[in-house]
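Following the hints, position chain B against chain A.
So the sequence lines, in the order shown, correspond to chains A and B.
Number 348 in the numbering used here belongs to position 348 of the first sequence; there are no gaps in the numbering.
Number 214 in the numbering used here belongs to position 214 of the second sequence; there are no gaps in the numbering.
These are computed hints drawn from the structure, not numbers from a lab.
Since no wrong hints were added, every one of them can be taken at face value.
Label pairs and their computed distance ranges (CB to CB):
hint, chain 1, residue 1, chain 2, residue 2, range
1, A, Asp-227, B, Gly-286, 54 to 60 angstroms
2, B, Ala-93, A, Ala-82, 23 to 29 angstroms
3, A, Ala-82, B, Ser-446, 39 to 45 angstroms
So these bits of chain B aren't anywhere near chain A, every CB distance computed over 12 angstroms:
hint, residue
4, Ala-22
5, His-70
6, Ser-77
7, Gly-113
8, Gln-186
9, Ala-266
10, Ile-290
11, Leu-292
12, Arg-435
13, Arg-508
Just so it is clear, CB atoms sit at the ideal spot from N, CA and C, and this is done for glycine as well.
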Amino acid sequence: MDHWECSRRQLLKAGLGTGLAGALGMPAFFERTATALAAEALASDRILVVLELSGGNDGLNTLVPYGDDAYYRHRPTIGLQAPRLRKIDDLYGFSPGMAGFERLYKEGRLAVLHGCGYDNPSFSHFSSMAFWHTAAPNHGEEYGWVGRLADRLRPGGAANFVVNIDTTQSLAVRSRDHTPVVFDDPERFSRKGFFQELPLFQHVAAASGDANPSRKYVLDVARSARDASALVREAWARYSSPIDYGIAPVDLPKVAALIAAGLPTRLYYASYRHNAFDTHVHQGDLHARLLTYVSDAVSGFLRDVERLGRADQVVMMIFSEFGRRVPENTSLGTDHGTANLMFVVGKPVKGGHYGQPPSLTQLDAGDNLVYTTDFRRVYATVVEGWLGYRRTEELLRGRFEPFALFG
Amino acid sequence: MANSVGPGPAQWIDDLSPVGPADWSDDRAAHLLERAAFGATSEEVERLARMTPQAAVTSLVAYQTIDNRHLKPFEHSGVHDRSLEPFPASRPAATDLAKATGEALGVRVKPDGNRRLQAVTNKFFYWLRASRLETNRVAYWWAERMLTSPRPLEEKMALFWHGHFATSEEKVRDYRKMLRQLELFQKHATGNFRDLLIGAARDPAMLAFLDAGVNVKGAPNENFAREIMELFTMGVGHYSEADIREAARAFTGWNFADLAFVVNRAQHDDGDKTVLGRRGRFDGVGVIDIILAQPVTAEFVASKLYRFFVREALSPALRSRLGAVLRDNRYAIAPLLRTIFLSRDFYSPASYATRIKSPVELAVSTYKKLGLTEIPGVPDFNEVTSSLGQQLFRPPTVAGWAQGRSWITPGLLIERGNFARSVLFPDINFIPPDRYPPDETIRIVSERIAQGLDVTSATKPGTSKTGSGEMTAMSNMLADRDEDFNTRYASYRGWQMAIEKVKPIPRRTAPIDLTAMVSANRLRTTAEVVDYFGRRFLRLPLEPDLRARLVGFLDAELGTSQVSVAATYMEDSLRMLLHLIMSTPEYQLG
Numbered sequence: 001m002d003h004w005e006c007s008r009r010q011l012l013k014a015g016l017g018t019g020l021a022g023a024l025g026m027p028a029f030f031e032r033t034a035t036a037l038a039a040e041a042l043a044s045d046r047i048l049v050v051l052e053l054s055g056g057n058d059g060l061n062t063l064v065p066y067g068d069d070a071y072y073r074h075r076p077t078i079g080l081q082a083p084r085l086r087k088i089d090d091l092y093g094f095s096p097g098m099a100g101f102e103r104l105y106k107e108g109r110l111a112v113l114h115g116c117g118y119d120n121p122s123f124s125h126f127s128s129m130a131f132w133h134t135a136a137p138n139h140g141e142e143y144g145w146v147g148r149l150a151d152r153l154r155p156g157g158a159a160n161f162v163v164n165i166d167t168t169q170s171l172a173v174r175s176r177d178h179t180p181v182v183f184d185d186p187e188r189f190s191r192k193g194f195f196q197e198l199p200l201f202q203h204v205a206a207a208s209g210d211a212n213p214s215r216k217y218v219l220d221v222a223r224s225a226r227d228a229s230a231l232v233r234e235a236w237a238r239y240s241s242p243i244d245y246g247i248a249p250v251d252l253p254k255v256a257a258l259i260a261a262g263l264p265t266r267l268y269y270a271s272y273r274h275n276a277f278d279t280h281v282h283q284g285d286l287h288a289r290l291l292t293y294v295s296d297a298v299s300g301f302l303r304d305v306e307r308l309g310r311a312d313q314v315v316m317m318i319f320s321e322f323g324r325r326v327p328e329n330t331s332l333g334t335d336h337g338t339a340n341l342m343f344v345v346g347k348p349v350k351g352g353h354y355g356q357p358p359s360l361t362q363l364d365a366g367d368n369l370v371y372t373t374d375f376r377r378v379y380a381t382v383v384e385g386w387l388g389y390r391r392t393e394e395l396l397r398g399r400f401e402p403f404a405l406f407g
Numbered sequence: 001m002a003n004s005v006g007p008g009p010a011q012w013i014d015d016l017s018p019v020g021p022a023d024w025s026d027d028r029a030a031h032l033l034e035r036a037a038f039g040a041t042s043e044e045v046e047r048l049a050r051m052t053p054q055a056a057v058t059s060l061v062a063y064q065t066i067d068n069r070h071l072k073p074f075e076h077s078g079v080h081d082r083s084l085e086p087f088p089a090s091r092p093a094a095t096d097l098a099k100a101t102g103e104a105l106g107v108r109v110k111p112d113g114n115r116r117l118q119a120v121t122n123k124f125f126y127w128l129r130a131s132r133l134e135t136n137r138v139a140y141w142w143a144e145r146m147l148t149s150p151r152p153l154e155e156k157m158a159l160f161w162h163g164h165f166a167t168s169e170e171k172v173r174d175y176r177k178m179l180r181q182l183e184l185f186q187k188h189a190t191g192n193f194r195d196l197l198i199g200a201a202r203d204p205a206m207l208a209f210l211d212a213g214v215n216v217k218g219a220p221n222e223n224f225a226r227e228i229m230e231l232f233t234m235g236v237g238h239y240s241e242a243d244i245r246e247a248a249r250a251f252t253g254w255n256f257a258d259l260a261f262v263v264n265r266a267q268h269d270d271g272d273k274t275v276l277g278r279r280g281r282f283d284g285v286g287v288i289d290i291i292l293a294q295p296v297t298a299e300f301v302a303s304k305l306y307r308f309f310v311r312e313a314l315s316p317a318l319r320s321r322l323g324a325v326l327r328d329n330r331y332a333i334a335p336l337l338r339t340i341f342l343s344r345d346f347y348s349p350a351s352y353a354t355r356i357k358s359p360v361e362l363a364v365s366t367y368k369k370l371g372l373t374e375i376p377g378v379p380d381f382n383e384v385t386s387s388l389g390q391q392l393f394r395p396p397t398v399a400g401w402a403q404g405r406s407w408i409t410p411g412l413l414i415e416r417g418n419f420a421r422s423v424l425f426p427d428i429n430f431i432p433p434d435r436y437p438p439d440e441t442i443r444i445v446s447e448r449i450a451q452g453l454d455v456t457s458a459t460k461p462g463t464s465k466t467g468s469g470e471m472t473a474m475s476n477m478l479a480d481r482d483e484d485f486n487t488r489y490a491s492y493r494g495w496q497m498a499i500e501k502v503k504p505i506p507r508r509t510a511p512i513d514l515t516a517m518v519s520a521n522r523l524r525t526t527a528e529v530v531d532y533f534g535r536r537f538l539r540l541p542l543e544p545d546l547r548a549r550l551v552g553f554l555d556a557e558l559g560t561s562q563v564s565v566a567a568t569y570m571e572d573s574l575r576m577l578l579h580l581i582m583s584t585p586e587y588q589l590g
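Bound conformation, chain A alone (with noise of 0.2 angstroms):
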């Protein structure tokens, strides 16, 4: 489906007759509003998926820079050799494994965002992980940058807009109007009880002016649960796929569900959990086995949508909380590093690099790369140039240039 296509879709549904105001001779005035509500349509169809690898991947042994020489020299025990990698080009090669990406990148589906990253690096998890939900290095702030966007996209809160799939809500989903969907086992997201229990299970009491904020809180949660179980429940039960998605899909398949069920969720929030990425010990095979497992399980997601016949409609952005230290440590692992890369994946994605890839040979102080790309540029990316909503530099407290990765 092309953009036109798709416009005179949503302008059908939207109830603006054919969609062809402009060949029919409408005023200025209703030319101009069908185009505001088509582009605002246009723009309302499509998902964004936020992919975390959490515990800090290692960016250098994910793609890595086999061209360049000073990579081996940094990493004469744990660099991966030339003839193993899944070469893209030149300079660079995916990890063994990683077999999905490097198609996706073949297809033109896949952009690399070199040297992202933030001035004063933390290295601490927590702390930098909570700068890349918040969009906000070094500061506090409250809510998440997915919970602020669904703020401003849909103001007010809508129940199922935003749906993260762990066992704990992510900071960057944390909103001031949206209560986030968050469940893990769809099989299990939902109430059990006799009949007769039913009603009352759909009573939530009025929590407004509730002196008590975590009563008021725990309100808000039982009415999203009261709003999405059934839902989810019904769309992961229709579910099932041909797909691969390999040993450790990532609850891709559960994003795919709600895809195909239909739901009004723009926003999705899933993770490699539990700091899996942390690699400080061995890390060679422990390492590649979980880039296969993202490899295998993105690409799978990605061929998943296009069976739904849904993948001008979706977009994946990947980040980690920070790169590994570029010297190899002698456990034969890395220590908390900096700048990393991200990727942006799906069909409407221009593939390719973006970015300047950090020097190799001119480390700061702690042997750390130098980050060339603050990370709020690539979420201005998304932000702007896939969802459509132009006023980043608020939700970014900043200027970030996006980059033009699509259309």
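Chain B only, in chain A's frame:
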């Protein structure tokens, strides 16, 4: 005793001066037991309410005089043997060792034929499974202590320290180390923080968890030094990266050998270090003392305790006053707890019934309020708490559990109601997770092996939801390329070997008799029943609209509003009523 209901006045917020006998009430005694213990029955609440607040707090905090020798020690299944030590860091490490030496984990490599390393691999997986299952038994044992110990604060503080010095069996892979660590937390529960911190730094589970083994002279590993400053004592922003590197040197050579702490002198860096502005030839204890001398450390620890026991938000002024209490008492924990539990602030509206119970607290206090004296086997305690986001001995990260609002999501709120139902109406299709493997792959392999399939065919991947039409994912294609052993078969066989040895968890359901509870309390009408359940199980009054609906529900169920008429058939309806109450958002607050 005054009849004060609910929280104290708003002016009590941030006021650390003690409440007096005139401020005491059933509600406030219940609040104290909710926080300093694991909740209580109405009878226990009344007992504390009859004391002065000073005496009530003393009865919880100064528990050393209370005899608890009747509590049984943990009963080991006997799953460990010496050949497992030192346990290899990973499956590849185990098979590499076997290839290099002809033997690993007490199992020799087959001289010839197919899958020569299969038995080694089986043994590797055996211990992973056995240690995990045995850890679940330790968790049961601990939960039982939380429920029945006459010193509940000791167990509650152990739970706090477990979250503070978060260590996961998933990485430690040795239930014995986890049990030893728990005993350390129990021993120093309300003792001196310095003793506990040094104990934790020398604890084999902690050393294994934070990669102490690779922190050696000339190549320090910063993991442990970073966590001790960031998570255990000071918090981010009070030390530099250089402090971490220098502190890491002081901890070099600290290691463990099986269950013992050892210092490897040859690997210890005895040179000069500069840590937090002090210079000297410090070892680990020297660094710990420098850290404890920082004013921020007492504030960090005191405010973390406060957030655990009282509420999430505290002002900088209160933080520094709490830090002063801990510092003035030379890091003794008990006096700080006493100050907190007696303070007006603790009973103020900002603190009262505003705390979201953690999953372990929810489960244990539910059992406590039901009057149970043992943890039911159905539902499975670990399965329940894990599905609610808190499995004992498996904190999600080194930062422990996030606490507070993170305990509740839409999914988890529903799970909490379903937990209550699984206690009140036990699932007759219950399958014990200590026998039946939770991993679908193991079950599929087991079935295929029994059908006579060869190992390769029996271990072909694919789950029920995805991948039915193809096998293209790299991870699935690569899984069994090694002919020396098959990991999926080993995973299945390891499980089988483990359940042969690990003692089963008794699977009794909860002996619940709500009819008896109603008659013992001489409740006459459905409205009185709803009000009694509300008081016994909730820390907030039932919202009037909901109360009316619940009374209407019970009237309709019983066909009368008179308890005397319905006494012989009301049990199921009372359980439904309680299920509805426990499913409310308010039940999550304590």
